[in-house]
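From first to last, the protein sequence lines stand for chains A and B. This note's numbering numbers the first residue of the first sequence as 1 and each following residue consecutively. This note's numbering numbers the first residue of the second sequence as 148 and each following residue consecutively.
It cannot be assumed that every hint is accurate.
In silico DSS-like cross-links for lysine-lysine, where the CA-CA straight-line distance does not exceed 30 Å [as the list claims (entries may be wrong)]:
| # | chain 1 | residue 1 | chain 2 | residue 2 |
| --- | --- | --- | --- | --- |
| 1 | A | Lys-101 | A | Lys-68 |
| 2 | A | Lys-101 | A | Lys-144 |
| 3 | A | Lys-68 | B | Lys-159 |
| 4 | A | Lys-68 | A | Lys-144 |
| 5 | A | Lys-83 | A | Lys-101 |
| 6 | B | Lys-198 | B | Lys-159 |
| 7 | B | Lys-198 | A | Lys-83 |
| 8 | A | Lys-101 | A | Lys-22 |
| 9 | A | Lys-83 | A | Lys-122 |
| 10 | A | Lys-22 | B | Lys-159 |
| 11 | A | Lys-68 | A | Lys-22 |
| 12 | A | Lys-122 | B | Lys-198 |
| 13 | B | Lys-198 | A | Lys-22 |
By construction, these hints were calculated from the structure, which means they are not laboratory data. Remember, it's a predicted structure, so these values are computed and weren't measured experimentally.
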Amino acid sequence: MRTIRIQTETFDVSAEIAALTKGANNVGAVVTFTGHVRGGDNLTSLTLEHYPGMTEREIAHCIEEAEKRWPVLGATIIHRIGKLVPGDPIVLVAVASTHRKDAFSAAEFLMDYLKTRAPFWKEEARGAATNWVEGRASDEERAKRWE
Amino acid sequence: MTLLYFAWVRQKVGRSEETIDLPAHVGTVGELAAWLAQRGAGYGDAFADPKRLRAAVNQDHVGFDAAVANGDEVAFFPPVTGG
């Protein structure tokens, strides 16, 4: 089962795990990763935009790639857009598999690929001043480890 | 051809979307970026340094050597920063 959602509202991790595993009796492990807006450096908010259509396609490609590498029984990826403040959850990756090792690996892979392939952009606000977050070489390096 | 701009590319160009007729001499994403750079101040600013830009054709990531044709949806944007 694949669930991909782009939304402004927050998400309920427990409800997503329940939906991901509903009716499955072969799931032995669910790994979830939740990314939050990191505060500090006077950050007041983040505003996220994305490329509707391509975002969902790219995330689906990421899940397909994970399914080729590990026995993924289900995956849920939820990414928020719009204005978020420090502490807010921003992204959820949940992977169900038969065993924990595969679930951990697939979740890490999905997060690394999502960061370098899914077309989202973050604009930071510090009071009235705004700036676009720059892509990080370290994220590129992390994604390349899987090639 | 539909052109889409995101993040600071959108802000510099001053619009998020437009429809153009592809000039006959433009055959690749890189040639399209060079042509757009000459369309005015905002475009010149947005497309001044192609190394800072990424592109997608019909919603697939591509390099600047990728072919483009009328009817394509081409997007220009900075490196992605989701997650």
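Hint check: Lys-68 of chain A vs Lys-159 of chain B, CA-CA at most 30 Å. Holds or violated? 40 Å, violated
Check whether the Cα positions of Lys-83 of chain A and Lys-122 of chain A lie no farther apart than 30 Å. 10 Å, holds
Need the status of pair Lys-198 of chain B, Lys-22 of chain A: alpha-carbon distance at most 30 Å? Roughly 46 Å between the alpha carbons, so the hint for Lys-198 of chain B and Lys-22 of chain A is violated.
Assess, step by step, whether the Cα of Lys-101 of chain A is no farther than 30 Å from the Cα of Lys-144 of chain A, and give holds or violated. 20 Å, holds
Lys-198 of chain B and Lys-83 of chain A: Cα distance at most 30 Å? With a Cα-Cα distance of about 28 Å, the restraint between Lys-198 of chain B and Lys-83 of chain A holds, given a limit of 30 Å.
Are the Cα positions of Lys-101 of chain A and Lys-22 of chain A separated by 30 Å at most? Distance of about 21 Å is within 30 Å: holds.
Hinted pair Lys-68 of chain A and Lys-144 of chain A, Cα distance within 30 Å: 17 Å, holds
Assess, step by step, whether the Cα of Lys-198 of chain B is no farther than 30 Å from the Cα of Lys-159 of chain B, and give holds or violated. 16 Å, holds
Between Lys-122 of chain A and Lys-198 of chain B, does the CA-CA distance stay at or below 30 Å? Judged against 30 Å, a Cα distance of about 19 Å means the pair holds.
Hinted pair, alpha-carbon criterion (30 Å max): Lys-22 of chain A, Lys-159 of chain B. Please report holds or violated. 47 Å, violated
What's the verdict on Lys-101 of chain A and Lys-68 of chain A, does the C-alpha distance respect the 30 Å limit or exceed it? 15 Å, holds
Would the pair Lys-83 of chain A and Lys-101 of chain A pass a check requiring their Cα atoms to be no farther apart than 30 Å? Between Lys-83 of chain A and Lys-101 of chain A the Cα gap is close to 35 Å, so the pair fails against 30 Å, i.e. violated.
In this structure, the earlier hints numbered 3, 5, 10 and 13 are contradicted, and the remaining ones agree with it.
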